[in-house]
Amino acid sequence: MNDARSLRQLLDKDLIQDVIHAYCLHFDRAEVEEVLALFTPDAVVDYGPDVPTMTGRDALATMVRRGLEEFFAATSHHVSNVTIELDGPDAARSLCHLYAWHSYRDGRPESELWGQYRHEFRRMPEGWKISRLVLSAAGARNFHRDRMHPIGRRTPGVR
Amino acid sequence: MNDARSLRQLLDKDLIQDVIHAYCLHFDRAEVEEVLALFTPDAVVDYGPDVPTMTGRDALATMVRRGLEEFFAATSHHVSNVTIELDGPDAARSLCHLYAWHSYRDGRPESELWGQYRHEFRRMPEGWKISRLVLSAAGARNFHRDRMHPIGRRTPGVR
Amino acid sequence: MNDARSLRQLLDKDLIQDVIHAYCLHFDRAEVEEVLALFTPDAVVDYGPDVPTMTGRDALATMVRRGLEEFFAATSHHVSNVTIELDGPDAARSLCHLYAWHSYRDGRPESELWGQYRHEFRRMPEGWKISRLVLSAAGARNFHRDRMHPIGRRTPGVR
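Protein chains in written order, with the working numbering: chain S, 2 to 160; chain X, 2 to 160; chain R, 2 to 160.
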């Protein structure tokens, strides 16, 4: 094994994990510009089948701005189980669990989501950026969307 | 300090953490074979005093298969606070917090568990495997087991 | 980039993360002395506007002992999104998300908190210690304090 390369990979994983954390933090603080700056210009974001998949930072901007400034009153995005796979020196994929809590400006009941984020990353001159984000859900309580991408459970539950 | 050894330890911790994450992911996806493949052949698994402690992958297989294919409709296992201690080059122990959400095929209410996993790991030719897993709980809501191993609180609550 | 320095930084981040985890574990186990030993003698701890900010381990001891031995029946502190920034070789700051569950000795309803910890750390002869801890909250359910420090959401929700 090459020690310098292994060290470089651990450092990249650490930086990539910080990007995932920054997304949650800026989202929860309703910092629209800071959220958008985490994505590549051509990023693809898929929050589920009830929302059009967005391509590019401009499409994402409209939705994120509306969500953070008009829809949510407060959110808390807790990511864990972060597993990162490097695809060569300048690309990476990751999967993590998401436990998210939301309250809404229109007074509907607070919601919880037990889900997962699937990320792809690309190294840009200014650092690692999210080039793709797909949200899926194992379950939810009072969530504002009825349909979500499944997490891929082999034996779907009958409910 | 020996830099090469320190690097090796960080890499091992990273690999071990990925095994813990893989357990959660495959469990939540109801991927029975993939869950079982994470354990050593002689692994000991103790899910609590209401379930017989299982020794060996075959004993575990029966329970995991029944749970994933017949009992749970959906689950989401969020691990955090992962603290890993290496015991020489080929063994390790870890403790983490677990927040788990479950829904059931028989329609009983969804449950939540606030617990901990205590793991032991052994390095096998094909990588790190779980040789021991003990689940304990600080609390639960609607959980399908009445008694759980305690997390070891010094001053037990009176309830 | 200096490889030896990068490795040292990763090792320090790993040690600091373990201190955050140890705080949660010892708190959940009601191990008062072990909680206190994680702080510098002059540590500042701010649990919110409804509690006086504590300075020094002695002030902290009174509150932690009362909380763990008389107030809480059980707790579970799940930290995630841990992002650590080193300030030179012997100081560090970090931010993480906290999802906490509590049950109480006086029988009031169990509570949940969706919050954040802001930590500062200092390297002491015996290892990294917490020199400052500030708790903030995005939201809560049945929590035992009415007012909490906000997480700094730019567009506060109207509720």
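Incorrect hints may appear among the rest.
Any copy will do: because identical chains look the same in the list, a pair fits if it lies in one copy or spans two.
As the list claims (entries may be wrong) - As a list, the in silico SDA-like pairs of lysine to any residue whose alpha-carbon atoms are at most 20 Å apart:
#, residue 1, residue 2
1, Lys14, Tyr105
2, Lys14, Ser137
3, Lys130, Ala23
4, Lys130, Phe72
5, Lys14, Leu87
6, Lys130, Val45
7, Lys130, Thr84
8, Lys14, Gly108
Simulated from the structure, these hints should not be mistaken for laboratory data.
So which of the earlier hints does this model not fit? Hints 1, 2, 4, 8 are the ones this structure does not satisfy, whereas the remaining hints hold.
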